[in-house]
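Please put together the full structure from these sequences, using the hints given.
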Amino acid sequence: MPIGTMSGTPQVLLTHHLKQLKLPTVLREYEKVARECAQGGIDHPRYLLRLIELELIDRERRTVERRIRAARFPAVKSFDTFDFAAIPSLNKMLVLELARSEYILRRENIIALGNSGTGKTHVALALGLAACQKGFTVAFTTAASLVNQLMEARDERRLLKLQRDLQAVKLLIVDELGYVPLSPTGAELLFETFSQRYERGSTIVTSNLPFEDWTQVLRGERLTGALLDRLTHHVSILTMNGDSYHLKESAGRRRAAARAEQNQAITEIVDPDTGEITTT
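Our numbering puts the first residue of the sequence shown at 106, with every later residue one more than the last.
Treat the hints with caution; some may be incorrect.
[Said to hold, decoys possible] Below are the DSSO-like pairs computed for lysine-lysine, each with C-alpha atoms no more than 27 Å apart in a straight line: (1) K182 to K197; (2) K127 to K239; (3) K275 to K239; (4) K197 to K127; (5) K197 to K239; (6) K182 to K137; (7) K127 to K137.
These aren't lab readings, by the way, just hints derived from the structure by calculation.
Here's what the structure looks like:
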């Protein structure tokens, strides 16, 4: 029998033991659930089952939250707030299928191509969130930031550790490839990162450039060809060309604000002699 079991009040000992066992939800809920079970005539096994279920649910929620924090998303986005109708070129059924995250088990990649402002980052973030909720580790970065991290790690003699960390992540999201030209060294380091993940982990890449223009960023046809060979071997390509999704959202907000101002400006004037009401 553990030391202290026979001394002290039951509540104090129970609190201590539950903290030691790291069962915060049981500690928080056991009295309330006990009252509910007593009122409902629920027996002890079912009382214990209800407590443990609450602990497991809360533990999974906290685990998902830790994965989301570790992913370093710039914002948490889901498909609930994505307007598929605004981007007709996007295959909605394919995206929703990818949101099941089964491609990660198959170590397949996703590439989202399209002009600026069409929601590529939103889709990548939503897929990343879905992966976290399914139990996969995720890391989010922009192409420029990733290259900077790799070059700094090389200069500080910790490149191998960073590469191992990147290789271990189940889903790596590299956003905005093509917005910033890379140096020859940066392009080679990025190529190494993708190569090390080839058939070992899934990668999502978003780019505003079609494949034939990736040579502008990667500084050469040979490197570009080798990179595309690895990325597109097992890949789903999302085409996201169209009018700027962000501009449409902004225009919609401006129109709504203008209507609100116009409604506020309408006033009623009552004629004191006739009682007629006019609006201005």
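Taking 27 Å as the top limit, are the C-alpha atoms of K182 and K197 close enough? holds (16 Å)
Is the hinted pair K182 and K137 satisfied, with a Cα-Cα distance of at most 27 Å? violated (35 Å)
Would you check the hint for K127 and K137, treating anything up to 27 Å between C-alpha atoms as holding? Judged against 27 Å, a Cα distance of about 19 Å means the pair holds.
Is the straight-line distance between the alpha-carbon of K127 and that of K239 27 Å or less? holds (23 Å)
Pair hint outcome, K197 versus K239 [Cα-Cα no greater than 27 Å]: Status holds; Cα separation ~20 Å.
Within 27 Å, alpha carbon to alpha carbon, are K197 and K127? Outside the cut-off at roughly 42 Å; violated.
For the pair supplied as a hint, K275 and K239, confirm whether the alpha-carbon distance does not exceed 27 Å. holds (11 Å)
In summary, the structure is inconsistent with hints 4 and 6 from the numbered list given earlier, while agreeing with the others.
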